[in-house]
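**Q** Now for the letters of each chain:
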Amino acid sequence: MDSTALVKVENLTRFYQKQCAINQLSFSLGAGEVLGFLGPNGAGKTTTMQIITGNLAPSEGQVSINGFDIIESPRQAKQLIGYLPEHPPVYRDATVDEFLKYCAQLRRLKRAGIATAMAQAKANCGLNDVGHRLIGNLSKGYQQRVGIAQAIIHNPLVVILDEPTIGLDPIQIREIRSLIKTLGEERSVIISSHILSEVQATCDRVLIIREGKLIYNASIESLENQGKELSITVALKQPPGIESLIEIDQVEHVETIDDNRFRLYFNSSSPAESVVKASVEQQWGLYELVPDRASLEDLFIELTRDKPPAGESRESRS
Amino acid sequence: MILTIARREITAMFLSPLAWVILGVVQIILGYVFLAQLDNYFILQPRLLALKNAPGVTDIVIASTFQVAAIILLMIMPLITMRTIAEEKRNKTLTLLISSPLSMTEIVLGKFLGLFLFVFILVSLLMLMPLSLYMGTDLDAGKLFSIYLSMLLLLGSFAAIGLYLSSLTDNQTIAAVSTFGALLMLWIINWLGESVADGQSVMTYLSLLHHYQNMLEGIFDSSDLAYYLILIVTFLVLTIRQLDRERLL
Numbered sequence: 000m001d002s003t004a005l006v007k008v009e010n011l012t013r014f015y016q017k018q019c020a021i022n023q024l025s026f027s028l029g030a031g032e033v034l035g036f037l038g039p040n041g042a043g044k045t046t047t048m049q050i051i052t053g054n055l056a057p058s059e060g061q062v063s064i065n066g067f068d069i070i071e072s073p074r075q076a077k078q079l080i081g082y083l084p085e086h087p088p089v090y091r092d093a094t095v096d097e098f099l100k101y102c103a104q105l106r107r108l109k110r111a112g113i114a115t116a117m118a119q120a121k122a123n124c125g126l127n128d129v130g131h132r133l134i135g136n137l138s139k140g141y142q143q144r145v146g147i148a149q150a151i152i153h154n155p156l157v158v159i160l161d162e163p164t165i166g167l168d169p170i171q172i173r174e175i176r177s178l179i180k181t182l183g184e185e186r187s188v189i190i191s192s193h194i195l196s197e198v199q200a201t202c203d204r205v206l207i208i209r210e211g212k213l214i215y216n217a218s219i220e221s222l223e224n225q226g227k228e229l230s231i232t233v234a235l236k237q238p239p240g241i242e243s244l245i246e247i248d249q250v251e252h253v254e255t256i257d258d259n260r261f262r263l264y265f266n267s268s269s270p271a272e273s274v275v276k277a278s279v280e281q282q283w284g285l286y287e288l289v290p291d292r293a294s295l296e297d298l299f300i301e302l303t304r305d306k307p308p309a310g311e312s313r314e315s316r317s
Numbered sequence: 000m001i002l003t004i005a006r007r008e009i010t011a012m013f014l015s016p017l018a019w020v021i022l023g024v025v026q027i028i029l030g031y032v033f034l035a036q037l038d039n040y041f042i043l044q045p046r047l048l049a050l051k052n053a054p055g056v057t058d059i060v061i062a063s064t065f066q067v068a069a070i071i072l073l074m075i076m077p078l079i080t081m082r083t084i085a086e087e088k089r090n091k092t093l094t095l096l097i098s099s100p101l102s103m104t105e106i107v108l109g110k111f112l113g114l115f116l117f118v119f120i121l122v123s124l125l126m127l128m129p130l131s132l133y134m135g136t137d138l139d140a141g142k143l144f145s146i147y148l149s150m151l152l153l154l155g156s157f158a159a160i161g162l163y164l165s166s167l168t169d170n171q172t173i174a175a176v177s178t179f180g181a182l183l184m185l186w187i188i189n190w191l192g193e194s195v196a197d198g199q200s201v202m203t204y205l206s207l208l209h210h211y212q213n214m215l216e217g218i219f220d221s222s223d224l225a226y227y228l229i230l231i232v233t234f235l236v237l238t239i240r241q242l243d244r245e246r247l248l
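Here the protein sequences line up with chains A and B, keeping their order.
Everything in the first sequence is counted per numbering that gives the first Met the number 0, starting at 0 for the first residue and increasing by one.
Everything in the second sequence is counted per numbering that gives the first Met the number 0, starting at 0 for the first residue and increasing by one.
Quick caveat, the hints were computed from the structure, so don't treat them as lab data.
Be aware that one or more of the hints could be misleading.
What the hints assert, rightly or not - Straight-line alpha carbon distances no greater than 16 angstroms define the calculated EDC-like cross-link-like pairs of lysine to aspartate or glutamate that follow:
1) B/K91 with A/E85
2) A/K100 with B/D223
3) B/K91 with A/D92
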């Protein structure tokens, strides 16, 4: 673990009565990194986030935010965190503006800076048109946006979002994703999600936990380049026999998907170029060529499948 | 920070109709009681003239009105305190406060101050009734102040007890019922004490009523003041500890 890490989690363990929700969890997060937190229901994602934000006390272990221990100097540590829990903590009887102003005051923003901070947060979360409306009358998606605005209003170094895109429509999801990317440029972001493609699209690094244990911790890039076998899929209008495909340089073996489609496995470098060349020379009529990628989903299922997670959801405990 | 939370608390109270209804209902009932006591006074007045050191209008009308007020507010206060923490727990908005750079002490003091502001408004409105008597007669200002102070202290301790019981649950009804039970118990706890010998037992000392009675009569004893302050501080500390403890569960 490097010393420049913004968030440092060491040997975190948490028991609910006798049940162990997180077991010896350690990881760290640098500035400008977006971390995706994955795991099946009840794996301990929410519990971990609650501990990092000081909403739950750990049974063992330490969490420090930019060097401030969350238990020993909670005020300094919390000042650096913005947290959106599973249920957005919004007051239904307040208007969006009133609520955000209250949040800004709670985070000890200076009086002069509050208006700018509110305008910024509202613009980022697309709340400009609903400032005067009661939060209770807004749709779930808008309430979620207010929840996100609340988490970023004090410009925290670390933003922690627990399933941020839940209840949003596809357009909003895209907006939130780009917001997360923007946030990730100068801040650290931790998001938990069960939508794997979302994590793949927004995060730099993935953590997968199961039954409270960290079972995977790697960057998205290495995940995408990883894969037991490398392959490309080609589609040909006038396919030749399998033999002529195997004869192409680099191709190890060929799998037939249907009459026109084939999956070509290779070892080190992609045979794409040779395939195109051969297709032109022998008029196979190539109309599709897709490099196959190891998807997060495959990995996730592989890692979490072998033993079904014990017990019911811990996520609902708060 | 405490003031920010208190302001939010009092705004939230007045955003719901509950606070208005409570103020209205209490005012109407006590207005009626006040009128009845005043009527009573006019009947008694000829006989009082004959007495030496007769009790004045402050004792008869005002003190007895506030005697009734205490009982009515004992029933009403749980309705005001029940939502303070229980509602935030139910709606999961307590997370907002806990994730903000605030200490538990600031959160609890903010909540209490919000409640106390409401109590202040309530008692100040009630005090307008006795003050109206100034139009026709002279009042004992010292006694009036003692009554005002005792009412504030009494309701302040109701609020502290209610706040604590509200922090124990996420169900407002349970918070209200248990607060009502606790307040009533503290009110009548001296019934047992009175049957014992000289009536100065521990039970009597614990009773909210006993200390309130003294101050209504205009006896300002520092032990009464200490009793209320200790009660308030104790329950605030209990609330802070309760909220801290919940993070461990």
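**Q** Could you run down the list of hints and mark each one as holding or not?
**A** Here is what the structure says about each hint:
1. B/K91 with A/E85: holds (9 angstroms)
2. A/K100 with B/D223: Violated - the C-alpha atoms of B/D223 and A/K100 are around 41 angstroms apart, more than 16 angstroms.
3. B/K91 with A/D92: Satisfied, since the Cα-Cα distance of roughly 14 angstroms is no more than 16 angstroms.
The structure fails hint 2 only (numbered hints given earlier).
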